[in-house]
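J.: Sequence:
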Amino acid sequence: MTVKRDVSETFKQGKILLPEFFERDPVLCARDLIGVTLVHGPCRGRVIETEAYHGIGDPACHLFTRPSVRSLAQEFPVGTAYVYLNYGIHWLVNVLCRDRVTGASGFVLFRALEPLAGMEEMEQRRGLTIKEKLCSGPGKLTQAMGINHSQNTRSLLIDPEFCLSRNPAEPSPLTTVDRRIGISCAKDLLWRFLEAGHPGVSVPPGRAR
DNA sequence: AAGAAGATCAAT
DNA sequence: TTGATCTTCTTG
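Under our numbering, the first residue of the first sequence is numbered 1293, with each subsequent residue one higher.
Keep in mind that the hints were calculated from the coordinates and are not lab data.
All C-beta atoms, glycine included, are put in the ideal place defined by N, C-alpha and C.
Worth double-checking, as some hints may not be accurate.
[What the hints assert, rightly or not] Ranges of calculated distance between the beta carbons of each label pair, as one might list FRET restraints: (1) 1477 with 1394: 33 to 39 Å; (2) 1491 with 1469: 15 to 21 Å; (3) 1477 with 1382: 16 to 22 Å; (4) 1488 with 1461: 18 to 24 Å; (5) 1461 with 1419: 31 to 37 Å; (6) 1315 with 1451: 16 to 22 Å; (7) 1312 with 1479: 30 to 36 Å.
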């Protein structure tokens, strides 16, 4: 009797990121998450845009303005998803980081994905079929992926149904750095990371105020 | 108890 | 440029 094994599928899915990945400065985590795959159920997307939010020296970070988020960062391990409702309408998903050396916490906000699988679900939830627009913004990607408050405080490092994975054989993409989008303070920090030249990002580099 | 601000999006 | 819509935090 032979064991059925779909090697190509395993290869495609990659390996779930380890806690060590997130035990670094949030800015490094944000940069290195470009090219990683975000998985939720049948939906998968390549991360093409992120932003770092830092517990130290960054007044735009929720760790500065929301005591409840400070508690979350203390009570949960790295790799935990922080999902919150923005403008009463959009769910935004972050992952928790904590620098092993400095002890500083922070988050990486997922801002855009290139859809890889589960496109039918994405199209249905978004009411669109244009691939480049399915996940081209932080609110859009959560809607497309079906991520909401029920994923808040859930680990992204354990369950293959909700995780960040990387194919070790795949080379890291060329990334671009830019200012963050939509914030009213700490605007000059170059803490937005994009896959260079990718058409599916939320706002092209150079257009942030 | 009430008010303000906010890491967005799609339509006008 | 605006309206939709609601959680969190601050102020009285």
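J.: A separate judgement is required for each hint: does it hold in the structure or not?
T.: Here's how the hints hold up against the structure:
no. : hint                       : verdict
1   : 1477 with 1394: 33 to 39 Å : 22 Å, violated
2   : 1491 with 1469: 15 to 21 Å : 18 Å, holds
3   : 1477 with 1382: 16 to 22 Å : 20 Å, holds
4   : 1488 with 1461: 18 to 24 Å : 20 Å, holds
5   : 1461 with 1419: 31 to 37 Å : 36 Å, holds
6   : 1315 with 1451: 16 to 22 Å : 20 Å, holds
7   : 1312 with 1479: 30 to 36 Å : 31 Å, holds
Consistency note: the structure conflicts with earlier hint 1 alone.
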